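> Single-letter residue listing:
2 protein chains.
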Amino acid sequence: MTKRFFEHITKFIEIEEGDFQKIITFFDIKQLNKKDIITEATNKCNFNHFVLNGCLQMYFINDKGAERTIQFAIEDWWMTDCLAFHNEGTTDFYIQAIENSQILSISIDNQKKLLDQFPKLEKYFRIIYQISFGATQIRMKNLYDFSKEEIYFDFIDKYPEFAQRIPQYLLASYLGLTPEYVSEIRNKSRS
Amino acid sequence: MTKRFFEHITKFIEIEEGDFQKIITFFDIKQLNKKDIITEATNKCNFNHFVLNGCLQMYFINDKGAERTIQFAIEDWWMTDCLAFHNEGTTDFYIQAIENSQILSISIDNQKKLLDQFPKLEKYFRIIYQISFGATQIRMKNLYDFSKEEIYFDFIDKYPEFAQRIPQYLLASYLGLTPEYVSEIRNKSRS
DNA sequence: CGGATCGTTGATCAACTTCAACGGTCGTGG
DNA sequence: CCACGACCGTTGAAGTTGATCAACGATCCG
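Protein sequences, first through last, are from chains A and B. With the numbering used here, the residue at position 108 of the first sequence is 107, and numbering never jumps. With the numbering used here, the residue at position 30 of the second sequence is 29, and numbering never jumps.
Calculated from the structure, these hints are not laboratory results. Only a predicted model underlies this, so the values are computations on that prediction, with no experimental measurement involved. Fair warning: there could be bad hints in the mix.
Stated by the list, open to error - In silico DSBU-like cross-links for lysine-lysine, where the CA-CA straight-line distance does not exceed 35 angstroms:
#1 A:140 / B:10
#2 B:147 / A:187
#3 A:33 / B:140
#4 B:147 / B:119
#5 A:119 / B:112
#6 B:187 / B:10
#7 A:157 / B:10
#8 B:2 / B:157
#9 A:10 / A:34
#10 A:157 / B:29
#11 B:43 / B:10
#12 B:147 / B:43
#13 B:157 / B:29
#14 B:112 / A:140
Stated by the list, open to error - Facing chain A, from chain B, some residues (calculated, C-beta under 10 angstroms):
#15 27
#16 67
#17 91
#18 116
#19 123
#20 124
#21 178
Beta carbons are placed, not taken as given, at the ideal position from N, Cα and C, and that holds for glycine.
I would like the entire structure built from these sequences, with the hints used as guidance.
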């Protein structure tokens, strides 16, 4: 199953199978059940997670007790609170499995050791973060450009299979609107 | 003036003055006047920019002709449309100097050559992008968590000097509210 | 001085939220 | 295998935030 991670890395840089066998020892493989929470707000966020299969959700809880989703991570995506991970500080976020999932987790200490030992991987992570940051620039544009209705249709248009995969209230919490309003929008478009 | 860039790099990785002299040859130094536009929507976005002094703004223009600001870059910040730069595609954004500015610009081709020749710099860029991405996670949280009024006060609370530095309508365009509403908020808090 | 640029004010209006209640479905325990 | 409760989506009414529009004032700069 870790083969998937090897294939992902080799999409961006060249590494040998032998090196990968050493690289993988820096990670923990974890089997998560739906609803397992792996990071809690106010705690340290010492790990970065790579999803082999399943789906993770990063969210926070606001004053009114509502969950707001910052991002999802499916197969081949990384997930962590980047600043908390980088600064070794506490996080405001929860990270939860919303499907049964297999993930690879690396601690900040191990990541440092890993990058010292395999500096090639700096390039891999540079590209990962560059793409991630670029994606949020586009997301920001959409947030500013679109009405809530357009945000919703834009999303299900671009990611129809993922929209199927998660419950509607989670999608609403990610897109920044209420489940009730999603209902209304869907209803409107049906007629 | 490029010394500032040298100092920025050495905050994150160790390099020698001699290497830096070679590194800097991959960049163009540009002197920009206020209102100079260096990237236009629908064009290629082949450059990544580092601000030595002054301030850049990245924005797009929506259907109604209104400018919405994606981000600002002041001293020691990088700015580009990451995905367009990385994929060598066209951008939806404009990049404009909003003060007289000095910047270092590197083309995508030169960046590739630079990183091949000085792989050490992969680490530098990895950290830059990691921090940038982390910052947008927090920004996303604030966007979802706060009312427009809270977004405004949170910003001028965190970056009072920068809020002074730019006109109010640009700040409004960055925070995602109308200049009129900023007026209203400020007025309310005054009484 | 004159025009462009930026901030302000107030009225009107639409988008979206909130709240409360209901109905369907799925999974679990008896 | 059925019944019950939890969970999720839906509906509608009422309320609010914040946008839009138009007009006016102030300031800056050539």
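> For a quick check of understanding: which of the numbered hints are violated here, in increasing order?
4, 6, 7, 10, 15, 18 and 21
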